[in-house]
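K.L.:
Here the protein sequences come in this chain order: V and U.
The first sequence begins at 0 in numbering that gives the first Met the number 0 and counts up one residue at a time.
The second sequence begins at 0 in numbering that gives the first Met the number 0 and counts up one residue at a time.
Note that these hints are calculated values from the structure, not bench results.
Each hint should be verified, as a subset may be incorrect.
As the list claims (entries may be wrong) - Which bits of chain U does chain V cover? Going by a derived footprint, with three or more residues having C-beta under 8 Å, they are: (1) 14 to 23; (2) 26 to 32; (3) 59 to 66; (4) 180 to 186; (5) 200 to 210.
To be verified - Examples of chain U residues toward chain V, derived with CB under 8 Å: (6) Val42; (7) Val45; (8) Thr83; (9) Arg191; (10) Val195.
From a predicted model like this one, the values you see are computed outputs, not experimental measurements.
For glycine and all other residues, C-beta sits at the position ideal for the given N, C-alpha and C.
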Amino acid sequence: MIGSLANTLLREIPGHLLTGVASGEYRVAGSIIQSVTSGRIVGHLQETSALSSLLSSGPLALPQMALEAVSVIQNEQIKAAVAVVQSLQVANLALSGISIGVSIAGTALLARRISRVEQKVDAILPGLAAIARGIEGLRAERIAEDFTRLRTLADQVEEAWLPSATNAEWTAIARDSHFLADSFERRARDLDDASDRLSGEPFVDAYALASGLRITARLAAGQDDMARQAATARTHTLLALGETVRLGRLVLAAAPDDDVAATPQWQERMDRRIEDFRAIVTSARERELAAAASAETLDELARQEISGRDWLEASQSETNSPLLFLPVGQFDIQGDTP
Amino acid sequence: MGLFNRIFAGHKIDDWASDYTLVAARTLNQVAADLIVCAEEEVTKVGLKDGLFGQAAFIQEHVAPMVRAVAEPVASEILDEANTALLELVEDQAVWVRGPEHSEDPEGAFEGARDVAAAAVPLAAGVATAAALPFAAVTTTTAWLGLVTTTVISWPVVVGGGALAGLGLATGVFNTAKIRDRTLIRLRKRVRRFIVASLIEGSEQSPSILQQLATEFDRAAKRAKAL
């Protein structure tokens, strides 16, 4: 059910693109499918309610969950959907809260995501006690309060889709989530200034989630220009917050004592640190790319004169295909892209 | 280039800086280990007098030139390889901007990519000069870590030990072989500290080759991304 966009959106990813992604000719970055050789963006992906149903039916690790689900349900359609999601590796995007229409992922998924981020924050708080004493925003009760507000906003997004809701609801959500995003961003920056950079990472995640709600709310309210501006601003903020998250720099800063320098033990310890930091750095880079991809998708919607509200409604009403596909420019569904 | 591609390209450049920082770390750690072994040959030739009273001179005359002779070409080689990789990276991006995803001034974008390529070229000279600085400092000034260490930290130990040993020699109490052994242990530690400080872990005032290379890679990445 993709309504007014039936002539614009595809409910299936063209086969040659799936093959191309598998062969390395194309790659998926955030919500974008891009040619590896030319850098050309060939299309945009949008997760649907069908994907959130798939992801909600099990643990967060999609491949394992999906196989379990399939073994029980034995449904060919679900198998096909799972295969597409797996081959494009977009499950993490849906779960990150950075994609467009974060609420499409469903309140349950969003709540799980918020909880995970809050757990990360809880884990770092004891180590930050000394710093937190001097920074009002880092007090545990203030942080807990903001996570509660974030959960409330996620619930309100769900309510705002109901027929009796008005644009005023969306505008209120956009404003509140904007404020909340700024609060999380400030904490990340405070920690950046006061301690090692990685302490602020969970707050960067929280910032990304809150600003995702803001973008969704602006789109749903029909304020596409404001949504685009918010998406671009989020990308730049994430880039700025991630500026110091560089593998080489982090590893050198945590280099072993020079007692073991010039020995194989020094290199072994460095290798362990490289592995420790690599996951964090990769996650930060993926987050930045996903945010940039969302901004790019919103620009493409404007170019194709598709309203954000229609886009969200199409993805929300789609219950069979896990992903919708928006081709870019002249697109030959059979295989040749200009 | 659109925002997305610009960020993607920026990530590649950051990865480049990180990769070569870690390559430099691995390589210089190995070089430091090899140099310590090489220096050992020189250490065993040191006489009792030089071992007791001329450790700083020994490092300046025997170890520093050896470190310089080995480390400079290694640093240059890492830089050459890094520059080549950066240029390849930029050329790939130039291909991207020749066929941009949207009609966004492709010529202008390509000019920017060419600027990045051009910016990478003088990097080698810049970094090589920076990397060479500590070694130049050895012969021109005492402001380098090795010499500061010699002057400020180690001298009292050497003087104290030397005075005590001198007394021992005069009175015939100490076994000279034992004194020499201890002296050489101290010298070895000092040689090791010198090599590690030169190559891997310097100070803020006198960064090691590795620290300088890492800074230069970061600076080059920032410059390339800004163009």
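K.L.:
Hint compliance check: list the failing hint numbers for this structure, sorted ascending.
P.N.:
3, 4, 6, 7 and 8
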